[in-house]
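Fit chain X to the supplied structure of chain D, relying on the hints for placement.
Each chain, letter by letter, is given below.
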Amino acid sequence: MKKTKKLKRIFLLLFTFCSVLLSNAQQKAIQGIVTDQDSGESLPGVNVIVKGTSIGASTDFEGGYSLNISQENAVLVFSYLGYITKEIPVGANTTINAVLVEDVAALDQVVVVGYGARKKSDITGSVSSVKSEEINAFPVLDAQQALQGRAAGVAVQSNNGGEPGTPISVTIRGNTSIGASSAALVVVDGFVGASYPQASDIASVEILKDASATAIYGSRGANGVILVTTKKGKKGKMTVEFNTSYSLQSTSNRLDLLDANEFNRYQTAINPSYQAGTASTDWQDLIYRSGQVANHQLSFSGGSDNVNYYISGNYFDQEGVVINSGFERFSFLSNVDAQINDKLKIGFNVFGGRDNKDGVSTQADSGGRGSGDVISIAYRFAPDLGVTDANGQNTFNSVGDDIDNPFAVATERVDETKTDRYRANFYGEYDVLKHLTFKTTFGFSSRNENRGIFAPSTLLTTAGAQGGIASISSLNNTSVLNENYLTYKNKIGEGDFTALLGYSYQKDRTERFSAGSQGFVTNNVSFFNLGSGSVRSIPRSNLSEFEIQSQFARINYDYDNKYLLTLTGRRDGASNFSENNKYAFFPSGALGWKVSNEAFLEDSDVISNLKLRYSYGLTGNPSIAPFQSLANFQPIYSAVGDQPVNAVLPNQLANPDLKWETSYQSNFGLDLGFINNRISLSLDVYNIRTEDLILGDSSVPEYIGFLNNESLRNVGEITNKGVEISLTTRNIANTDFSWTTDFNWSRNRNKITKLINGQDIFLSSAPGHFLQGETHVLREGEAVGQFFGYEYRGVYQGGALPEGTATFEGAEAGDELFEDLDGSGDITTADRRIIGDPNQDWTFGLNNTFRYKDFDLGVFFQGGIGGDIFSYTFLELASGGSNATTEVLNAWTANNTNTNVPSAKVRERRISSRFVYDGSYVRLKNIALGYNLPERLTSKLGVDQLRLALSGQNLFTITDYPGADPEVSYRSSGSQNSNVNQGFDYGNYPNIESVTFSVNLRF
Amino acid sequence: MKNYIYISVLALFSIQACSDLEETPVSLIPTEGFFNSVIDVQTTINGAYGNMAEEAFWGRKLSLPLMLRSDMVGIGDVGTSSRRIDHDNFTVTSDNGMITAFWPRIHQIIAAANLAIAGAGSLDVAPEQVNPVVAQAYFVRAYSYFHMVRLFGDVPYLDTPITNLEDARTVVKIPEEEVYSNIIRDLEFAKQWLPNTQEVSGLPSKATAMSYLALVYLTMENYQEAYQEAKAVIDNESTFGISLASDFAELFDAPNQSNLNEVLFSIDFNGFRSGNFGQDFTPALTGIRANEVGGIGGGWSVAVPSIEVFNRWDGRDYRKRVSLDTTGVFSGQVDTFENFPTYDARNIASAYIAKYTRSPGRTSNGNGRGSEHNYAQMRYAEVLLIAAEALNEVNPGTTEADAYVNRVRARARNQAGVLSNFPEDVSGLSQSEFRTMVLEERRWELAFEFKRWYDIKRRRLGDDAFGPNGFEQRPNFTASRDYLLPLPNDELQRNPNLLPNNTGY
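Line by line, the protein sequences give chains D and X.
Residues in the first sequence are numbered consecutively from 2, following this note's numbering.
Residues in the second sequence are numbered consecutively from 8, following this note's numbering.
Bound-form chain D, shown alone:
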């Protein structure tokens, strides 16, 4: 205690001394308070500078400042991020209070960038921001869903239609990889690789798209970076917000299938001895229902001089539109920041949540015996059968593969996933010197996932295995992150100089375990008594971990508020990188020119903003899985004499030269504002060349005998070139009525430019029971994922073949006719070619917001044009061994020859252009009508704000695609080659349309 007092005295002494020194120069002391115009609250941290000098101060917590000036005719410049800079001449005053106005033109809004924040007008890279209101326009479980259509160049895809809790993938500026992921890196409040917080807790989302913005994330930046910032408390009284919404949902579309009578006629045409069933069942009706979503959020926020807080709890409960599917989530978030003294600030951020997912089987890998998903088997299953037969047993399909009826699968198979997620992130920020700040963060996140599956013996899956099959699998992921960085900010000459230097260390560890059992005494045990099964399956466990340590730096120099320079670099070292390539360096540079600040435009009434940007840089995709470059043996299952024994096989050779994939990105951007920024336009043109793509070298002969035969090599190249336009117009801006339009449009051209020895890579995404090898191809000169198959040319009418066509050997009239590419007279595998391209030509989002007094109306369209879809669903339904679409009512017969539909027959499920469709669509993603209770009412109620809203999602879609929904995603996540499986439709959980009523209350 005594010691501090002594220190204080010394400081006091020093201070007095300094004051004396300064006061010698004939100075005048000025003081004042800076406040916000809207709220009237004081603004801490505002820069107050005497114009033309480096003399300045910044406001304290009370918004107060004081400084001494010696100049005559001095002008004070008040600047604050997100506010319009204000200049006030001092004159004779000694007290100058400033009222700052928030910059509605959003040009000077603060944009979070990696390891810092910048004014939007100072950004040299390509960055899109999505506002909190857009993210919360309608209730979503995963905030990523809300990004769809909101930012140019950002593709958002549900990996399974409207399935509750389905993973969402976000791709920025196209597919930059083949074997590795093309998914963007997600950073939440500085935590790299975090999971999303609840949408309602998000303050803003920034999408970093070009190398200038992403190179600071080095080897993980190539696919773009999404920075998520959660809400924080503001100084002032405590604000309580309660948001609640309730949605009613239904399937957006169903397929037009044969009814029982039509089905009987169809099957009898195929097989005259078909024995018709007696029931009449619409299986889609049986497995679909109307779903509902309830979403509630309660948050408390506020702050005192030194501490601010934001605490929120959230509950989300969804009953899916497929019976027995649902999702439930509890989550909480707490953000606390404390200014310990005028130099030290600390903060603590905690996020936690529990998910319960009730799954039904969808998007099955195979629909062979007993293994189909409820969606595809609802299409396939005979409509002349009921749920149970005369003996009360579940029915099995009477044609085609022996599959369970969909109702039995949906109701009897249990698939539950529980996921716990926690994340804690601490930071300390210390002003080492006037211009130098040190920040350290320490974060920990964990995800525990437990999945249990049980199929009782009443289902076909378990026939022959008596008493059901059960399994449990668990995944435990932890990630530790420590980052330390120095930020130096000062004026150098006419310019603002900012430098950043930092170090980061992250360790990620994933443990997996699974066990299973079958042959239970009863069907009531579920998966919680594996030991009681008579036959146990092989338990598995696995550990995967990686470390990454990095140094990073950035320099910003803004000269005269006209010329901007950004230089960025990051050096990453990662354990999963191979022995000879442990460290990677990713530099980038960017220039900006604020043309509108030049003298010749400064006073223009028309052009209020014009900025040109150019950036070039390198970013990486780590693409090497942990341990992937090491030589190893693969342990395999082997039974000798019926007893399991230890067994290994040579798996792969060491690959000491394997390295990350590198993207060379250039971006040219133009930001333009007209008429006081009532019209603002951003245009970006980019070119991304990704080299060193890791490909399995299929040129390695298979006789070398390694299990993983295709040794990986950094060979491939892909380019993505594109244009993005974002346009915001404030068409009408009166006090009572306003109309704002946000439009974004983007087009990306993806092209594979190099493969190993120029050789095509053929891939298959067909469901296993289709027994089809190649379905799509990677080929030099083409975009990724081209469909590959036969060109359908209608129905063979018998007799001579039309010119250039042929059939498979032994075909008869009514069979399929294909294009005979090699002119051999027969259709063979040599007659296949590219038959479709799943890549969209362009995508757009269009949002119109109308405000009339207390009412507002938002109409949000979103669409993608030009992408093809290959429908395995229609291929399967046309192959005879199942129910069919009503198309077959027009099948070829001797009396009905003028048709494109081949005769009713059991057919091989061949990949042909007959099942390629245009997947273009435009969709009314959301329409929302809101009403804010006027103040006279809210004040009576004693609340600050009360808002009621009614909205509809996916209410209509314009598309020529005849399938259930044009947003398809079969095998586009989780499975092998998922990155290049695009545009395939099979067994998708149906997309949903919904009507939502919501109440937002603030007091």
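Derived from the structure by calculation, the hints contain no laboratory data.
The C-beta atom is built at its ideal place from N, Cα and C for all residues, glycine as well.
Be careful, since some hints might not be right.
Unchecked claim - Incomplete in silico selection of chain X near chain D, CB under 8 Å:
hint	residue
1	E30
2	G54
3	G57
4	H114
5	I169
6	L172
7	S208
8	G209
9	L210
10	S265
11	N266
12	G373
13	W451
Said to hold, decoys possible - Below 25 Å or equal to it, Euclidean Cα-Cα: the simulated SDA-like pairs (lysine to any residue) are:
hint	chain 1	residue 1	chain 2	residue 2
14	D	K755	X	P32
15	X	K180	D	D698
16	D	K755	X	N496
17	D	K755	X	R176
18	X	K180	D	K583
19	D	K583	X	R176
20	X	K180	D	L708
21	D	K583	X	P32
22	D	K120	D	G570
23	D	K755	X	L499
Relative to the frame of chain D, chain X by itself:
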């Protein structure tokens, strides 16, 4: 103030020393330092056995074509994939999906054997300790190349583990005769070092190596050597602990196969699987659709004997009843094969293979997928028939040769202790009558056991077998082409030194 900067900078970069970024893959098995004891050699050989019981080898991809190419089994469900149909119809092309699947798999089996042999060589252990184990690897390599040489003729031959990819890219094919002499060299080593008996049929014994030598010589038409090797097995049957199972049906009763002394080498499935390892599809491929027998949900009607098999097989032969299903149960009612198609359009009106579907044991998946079958690659009955066939070529008309066949026939007359009088003993046949008889005996005794195609090839029987009077009419069969398969086309592109492909492809 400066101190703070120093502290900050220090803090920044002090942490940097904390990781060397080396990977410690505890969940992986590194190759370096793997071989420390004989046990590690056995573990590697077990990898080869496990890989045989894999979908792309004996689970389906090799075993199914061997069935379909014979005159005993054809395609049932015509809607099945063309890569299967092409083997039955002899319309195989060099991109056939069955071949491209088993080609890498058989080489992985060979690579495991090569690795075990090299690993054994790196151990500092007396030959008496390690050779009886590593001799299994020699056997495995011989077994694998014996398939290869019969399927493809000239093949690339590798007998050391690959360490340098670039050297391995350019190897050339070696002539058939050289492959055979390498096979014999390996089998001689196996014969020298393998123990007289093994506890389970999944491991080869000395008798296994000798039996395979006999079959290899028989295939090379070196009948003298074939006879001698087979006779040496027969003469020492008590030393080797081998005998014929008393009842033919026991051989296909999956849960009880491990007690049989007749099987000299088998690929073992035990009802468990991990991915495609341990995944047996033969019961599913050969089963009758919609058949309720066994409660496994029937089969897929893919590999089905032509009706001629039923028509020409003497009805008095007990083996016919064990080998063929002529009835099924549908909706609780027994019905005969003429009506099979009415229960599922993909069935055909023919007797189905019963050997693998009647008693598949506990099965980890429907249709008998993942059965408990141990697939005999060599059984004592075949050794007896090899001896008889070879002796007849060297020295026709012996009672010794008759006796070998009659042992097999005697067992065939025993149905659970009740003896029938068919098939009768043979005696007094001419050399050519005997030759025909013993090949027919192999057809029935070893029916659907993946042997017949190799017999057709070895004896050049194709034109008869697939001609107008054959069991199957396959007009597309071309003797100059179809006794060999094409090497996979993509492999020829990877290494053009393997060109040209076999005649006709």
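Hint-by-hint comparison with the structure:
1. E30: Constraint on X:E30 satisfied, holds at 5 Å.
2. G54: Constraint on X:G54 satisfied, holds at 4 Å.
3. G57: This hint holds: X:G57 lies near chain D, its Cβ roughly 3 Å from the closest one there, short of 8 Å.
4. H114: Hint on X:H114: holds, closest Cβ of chain D at ~4 Å, below 8 Å.
5. I169: holds, 5 Å
6. L172: holds, 7 Å
7. S208: holds, 7 Å
8. G209: holds, 4 Å
9. L210: holds, 6 Å
10. S265: Holds. Min distance 6 Å.
11. N266: violated, 11 Å
12. G373: Since the shortest Cβ distance to chain D is 5 Å, the answer is holds.
13. W451: This hint is violated: X:W451 lies away from chain D, its Cβ roughly 28 Å from the closest one there, beyond 8 Å.
14. D:K755 <-> X:P32: violated, 33 Å
15. X:K180 <-> D:D698: Holds - the C-alpha atoms of D:D698 and X:K180 are around 22 Å apart, at most 25 Å.
16. D:K755 <-> X:N496: holds, 23 Å
17. D:K755 <-> X:R176: holds, 22 Å
18. X:K180 <-> D:K583: Between X:K180 and D:K583 the Cα gap is close to 40 Å, so the pair fails against 25 Å, i.e. violated.
19. D:K583 <-> X:R176: violated, 29 Å
20. X:K180 <-> D:L708: holds, 22 Å
21. D:K583 <-> X:P32: Given that 25 Å is the threshold and the Cα spacing comes to 16 Å, the pair holds.
22. D:K120 <-> D:G570: holds, 21 Å
23. D:K755 <-> X:L499: holds, 22 Å
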